[in-house]
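Trainee: Sequence:
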Amino acid sequence: MADLNKFLQEAAALDPRVETLVAYLQQKSMVPNISIVPSLGGSTGQFEYGQGLPPQGTVSIIPRNKMEDALNTLSHELTHASERQILGQLYDPPSKGGELIHGQFQDAYDKLYYKRKARATSPDKVPRKQMAERLDPKNAKEEYRGSMGELAAFGVGNSGPGEGVYKGAPHLDPTMATEFMILLDLASRSNKVNPKQEKK
1 MADLNKFLQE
11 AAALDPRVET
21 LVAYLQQKSM
31 VPNISIVPSL
41 GGSTGQFEYG
51 QGLPPQGTVS
61 IIPRNKMEDA
71 LNTLSHELTH
81 ASERQILGQL
91 YDPPSKGGEL
101 IHGQFQDAYD
111 KLYYKRKARA
121 TSPDKVPRKQ
131 MAERLDPKNA
141 KEEYRGSMGE
151 LAAFGVGNSG
161 PGEGVYKGAP
171 HLDPTMATEF
181 MILLDLASRS
191 NKVNPKQEKK
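Residues 1 to 200, numbered by my numbering, are exactly what the sequence shown covers, in order.
Quick caveat, the hints were computed from the structure, so don't treat them as lab data.
Computed from a prediction, not measured in an experiment: that's the story for all the values here.
Errors might be hidden in some of the hints.
Claimed, not checked - No farther apart than 16 Å at their CA atoms in a straight line, the calculated lysine to aspartate or glutamate pairs in the EDC-like style are these:
no. : residue 1 : residue 2
1   : 66        : 150
2   : 115       : 179
3   : 111       : 185
4   : 167       : 185
5   : 129       : 142
6   : 129       : 179
7   : 138       : 150
8   : 167       : 150
9   : 167       : 133
10  : 66        : 10
11  : 167       : 107
12  : 125       : 99
13  : 6         : 19
14  : 192       : 99
15  : 117       : 107
16  : 129       : 150
17  : 125       : 110
With the hints as extra help, turn the sequences into a complete structure.
Mentor: Rendered as C-alpha coordinates:
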(Lines of atoms letter the chains of each structure in order from A and count residues from 1; the text may use other names and numbers.)
(Lines give C-alpha, C1' and ligand atoms only; values in the text may rest on other atoms or scores of the structure.)
Protein backbone atom coordinates (compact mmCIF):
# COMPACT_ATOMS: atom_id res chain seq x y z
CA MET A 1 0.00 0.00 0.00
CA ALA A 2 1.46 3.32 -1.10
CA ASP A 3 0.72 5.27 2.07
CA LEU A 4 0.29 2.84 4.94
CA ASN A 5 0.41 5.53 7.64
CA LYS A 6 -2.34 7.57 6.02
CA PHE A 7 -4.53 4.50 5.55
CA LEU A 8 -4.09 3.43 9.17
CA GLN A 9 -4.73 6.97 10.45
CA GLU A 10 -7.99 7.11 8.52
CA ALA A 11 -9.02 3.63 9.67
CA ALA A 12 -8.12 4.41 13.30
CA ALA A 13 -10.13 7.64 13.18
CA LEU A 14 -13.20 5.64 12.11
CA ASP A 15 -12.77 2.65 14.41
CA PRO A 16 -11.42 2.56 18.00
CA ARG A 17 -10.54 -1.13 17.64
CA VAL A 18 -8.15 -0.35 14.81
CA GLU A 19 -6.75 2.60 16.77
CA THR A 20 -6.01 0.40 19.81
CA LEU A 21 -4.47 -2.43 17.80
CA VAL A 22 -2.32 -0.13 15.69
CA ALA A 23 -1.12 1.80 18.76
CA TYR A 24 0.13 -1.43 20.35
CA LEU A 25 1.80 -2.64 17.16
CA GLN A 26 3.45 0.76 16.70
CA GLN A 27 4.88 0.48 20.22
CA LYS A 28 6.48 -2.78 19.13
CA SER A 29 7.54 -1.34 15.72
CA MET A 30 5.68 -4.29 14.22
CA VAL A 31 2.78 -2.87 12.19
CA PRO A 32 2.28 -5.34 9.31
CA ASN A 33 2.53 -4.31 5.69
CA ILE A 34 -1.06 -3.95 4.46
CA SER A 35 -2.30 -4.44 0.93
CA ILE A 36 -5.65 -4.55 -0.85
CA VAL A 37 -5.87 -7.58 -3.15
CA PRO A 38 -8.61 -8.62 -5.58
CA SER A 39 -9.14 -12.11 -4.15
CA LEU A 40 -8.04 -14.40 -1.33
CA GLY A 41 -9.67 -17.63 -2.37
CA GLY A 42 -12.88 -17.06 -0.42
CA SER A 43 -11.40 -15.25 2.59
CA THR A 44 -11.91 -11.56 3.24
CA GLY A 45 -8.51 -11.08 4.86
CA GLN A 46 -5.26 -12.81 5.75
CA PHE A 47 -2.32 -12.26 8.11
CA GLU A 48 0.93 -14.01 7.17
CA TYR A 49 4.42 -14.10 8.61
CA GLY A 50 7.46 -16.30 8.32
CA GLN A 51 10.23 -17.10 5.89
CA GLY A 52 10.48 -14.69 2.97
CA LEU A 53 8.16 -12.13 4.61
CA PRO A 54 9.03 -8.98 6.58
CA PRO A 55 9.48 -9.52 10.35
CA GLN A 56 6.21 -7.74 11.14
CA GLY A 57 4.26 -9.88 8.69
CA THR A 58 1.73 -8.84 6.07
CA VAL A 59 -2.01 -8.26 6.05
CA SER A 60 -4.02 -8.65 2.86
CA ILE A 61 -7.67 -7.67 2.61
CA ILE A 62 -10.11 -7.71 -0.27
CA PRO A 63 -12.20 -4.66 -1.26
CA ARG A 64 -15.56 -4.52 0.57
CA ASN A 65 -18.74 -2.68 -0.39
CA LYS A 66 -19.13 -1.21 3.11
CA MET A 67 -16.40 0.53 5.08
CA GLU A 68 -17.69 -1.12 8.28
CA ASP A 69 -17.03 -4.57 6.82
CA ALA A 70 -13.52 -3.58 5.71
CA LEU A 71 -12.76 -2.29 9.22
CA ASN A 72 -14.04 -5.54 10.74
CA THR A 73 -11.69 -7.52 8.49
CA LEU A 74 -8.77 -5.22 9.26
CA SER A 75 -9.46 -5.53 13.01
CA HIS A 76 -9.56 -9.33 12.69
CA GLU A 77 -6.19 -9.49 10.95
CA LEU A 78 -4.52 -6.93 13.24
CA THR A 79 -5.68 -9.03 16.19
CA HIS A 80 -3.66 -11.93 14.77
CA ALA A 81 -0.63 -9.64 14.41
CA SER A 82 -1.05 -8.31 17.96
CA GLU A 83 -1.49 -11.75 19.48
CA ARG A 84 1.79 -12.81 17.93
CA GLN A 85 3.56 -9.88 19.59
CA ILE A 86 1.83 -10.49 22.93
CA LEU A 87 3.17 -14.03 23.00
CA GLY A 88 6.70 -12.80 22.37
CA GLN A 89 6.41 -10.05 24.97
CA LEU A 90 5.18 -12.51 27.58
CA TYR A 91 8.68 -13.90 28.08
CA ASP A 92 10.53 -10.57 28.09
CA PRO A 93 12.06 -9.81 31.50
CA PRO A 94 10.46 -6.80 33.20
CA SER A 95 12.44 -3.58 33.32
CA LYS A 96 13.31 -1.99 36.64
CA GLY A 97 10.14 -0.39 37.96
CA GLY A 98 7.95 -2.36 35.58
CA GLU A 99 7.71 -5.56 37.59
CA LEU A 100 4.16 -4.95 38.84
CA ILE A 101 2.50 -4.22 35.49
CA HIS A 102 4.48 -6.96 33.74
CA GLY A 103 3.35 -9.41 36.43
CA GLN A 104 -0.26 -8.28 35.95
CA PHE A 105 0.10 -8.82 32.20
CA GLN A 106 1.47 -12.33 32.69
CA ASP A 107 -1.21 -13.14 35.26
CA ALA A 108 -3.96 -12.00 32.89
CA TYR A 109 -2.48 -14.16 30.13
CA ASP A 110 -2.60 -17.20 32.40
CA LYS A 111 -6.17 -16.49 33.53
CA LEU A 112 -7.64 -15.55 30.16
CA TYR A 113 -5.61 -17.41 27.59
CA TYR A 114 -3.29 -20.25 28.59
CA LYS A 115 -2.01 -21.39 31.98
CA ARG A 116 1.67 -21.83 31.23
CA LYS A 117 2.56 -23.68 34.45
CA ALA A 118 -0.48 -25.94 34.67
CA ARG A 119 -0.08 -29.62 33.81
CA ALA A 120 -0.86 -30.49 30.20
CA THR A 121 -3.75 -32.66 31.38
CA SER A 122 -5.19 -30.03 33.70
CA PRO A 123 -8.87 -29.37 32.85
CA ASP A 124 -8.35 -25.61 33.17
CA LYS A 125 -5.13 -25.45 31.12
CA VAL A 126 -6.70 -23.33 28.36
CA PRO A 127 -9.17 -20.81 29.87
CA ARG A 128 -10.09 -19.23 26.53
CA LYS A 129 -11.25 -22.56 25.12
CA GLN A 130 -13.12 -23.36 28.32
CA MET A 131 -15.01 -20.08 28.17
CA ALA A 132 -15.80 -20.55 24.49
CA GLU A 133 -17.12 -24.05 25.10
CA ARG A 134 -19.45 -22.75 27.81
CA LEU A 135 -20.76 -19.92 25.62
CA ASP A 136 -20.98 -21.71 22.28
CA PRO A 137 -20.25 -25.47 22.40
CA LYS A 138 -20.88 -25.97 18.68
CA ASN A 139 -18.48 -23.32 17.35
CA ALA A 140 -15.91 -23.92 20.08
CA LYS A 141 -15.44 -27.47 18.85
CA GLU A 142 -15.15 -26.48 15.19
CA GLU A 143 -11.52 -26.88 14.13
CA TYR A 144 -11.06 -23.46 12.48
CA ARG A 145 -13.63 -21.17 14.14
CA GLY A 146 -12.93 -22.61 17.59
CA SER A 147 -9.14 -22.48 17.38
CA MET A 148 -7.27 -20.35 19.93
CA GLY A 149 -6.17 -17.65 17.50
CA GLU A 150 -9.46 -17.40 15.66
CA LEU A 151 -11.57 -17.07 18.81
CA ALA A 152 -9.96 -13.71 19.61
CA ALA A 153 -9.75 -12.53 16.00
CA PHE A 154 -13.40 -13.25 15.23
CA GLY A 155 -14.37 -11.76 18.57
CA VAL A 156 -12.66 -8.45 17.84
CA GLY A 157 -13.54 -8.47 14.14
CA ASN A 158 -17.23 -9.13 14.77
CA SER A 159 -17.56 -6.54 17.54
CA GLY A 160 -17.89 -3.60 15.16
CA PRO A 161 -20.92 -2.13 13.40
CA GLY A 162 -20.64 -4.20 10.20
CA GLU A 163 -22.33 -7.50 9.45
CA GLY A 164 -19.48 -9.64 10.74
CA VAL A 165 -18.58 -13.09 9.45
CA TYR A 166 -18.81 -16.58 10.85
CA LYS A 167 -20.55 -15.24 13.97
CA GLY A 168 -20.84 -17.37 17.06
CA ALA A 169 -23.57 -17.56 19.70
CA PRO A 170 -24.71 -14.15 21.04
CA HIS A 171 -22.17 -13.86 23.86
CA LEU A 172 -19.18 -15.61 22.29
CA ASP A 173 -17.68 -12.83 20.17
CA PRO A 174 -18.24 -9.98 22.67
CA THR A 175 -16.66 -12.03 25.47
CA MET A 176 -13.64 -13.05 23.38
CA ALA A 177 -13.20 -9.42 22.24
CA THR A 178 -13.42 -8.05 25.79
CA GLU A 179 -10.94 -10.56 27.17
CA PHE A 180 -8.49 -9.92 24.34
CA MET A 181 -8.71 -6.13 24.78
CA ILE A 182 -8.02 -6.50 28.52
CA LEU A 183 -4.90 -8.51 27.70
CA LEU A 184 -3.88 -6.05 24.97
CA ASP A 185 -4.23 -3.11 27.36
CA LEU A 186 -2.00 -4.77 29.95
CA ALA A 187 0.53 -5.74 27.27
CA SER A 188 0.60 -2.15 26.04
CA ARG A 189 1.05 -0.74 29.52
CA SER A 190 3.77 -3.27 30.28
CA ASN A 191 5.53 -2.45 27.03
CA LYS A 192 5.60 1.26 27.91
CA VAL A 193 7.79 0.56 30.92
CA ASN A 194 9.67 -2.25 29.19
CA PRO A 195 10.02 -1.18 25.55
CA LYS A 196 12.18 -4.09 24.45
CA GLN A 197 11.20 -4.72 20.86
CA GLU A 198 11.45 -8.35 19.94
CA LYS A 199 11.26 -9.24 16.27
CA LYS A 200 9.49 -12.53 16.91
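Trainee: Hint by hint, say whether it matches the structure.
Mentor: Hint by hint, here is what the structure shows:
{"no.": "1", "hint": "66 / 150", "verdict": "violated (23 Å)"}
{"no.": "2", "hint": "115 / 179", "verdict": "holds (15 Å)"}
{"no.": "3", "hint": "111 / 185", "verdict": "holds (15 Å)"}
{"no.": "4", "hint": "167 / 185", "verdict": "violated (24 Å)"}
{"no.": "5", "hint": "129 / 142", "verdict": "holds (11 Å)"}
{"no.": "6", "hint": "129 / 179", "verdict": "holds (12 Å)"}
{"no.": "7", "hint": "138 / 150", "verdict": "holds (15 Å)"}
{"no.": "8", "hint": "167 / 150", "verdict": "holds (11 Å)"}
{"no.": "9", "hint": "167 / 133", "verdict": "holds (15 Å)"}
{"no.": "10", "hint": "66 / 10", "verdict": "holds (15 Å)"}
{"no.": "11", "hint": "167 / 107", "verdict": "violated (29 Å)"}
{"no.": "12", "hint": "125 / 99", "verdict": "violated (25 Å)"}
{"no.": "13", "hint": "6 / 19", "verdict": "holds (13 Å)"}
{"no.": "14", "hint": "192 / 99", "verdict": "holds (12 Å)"}
{"no.": "15", "hint": "117 / 107", "verdict": "holds (11 Å)"}
{"no.": "16", "hint": "129 / 150", "verdict": "holds (11 Å)"}
{"no.": "17", "hint": "125 / 110", "verdict": "holds (9 Å)"}
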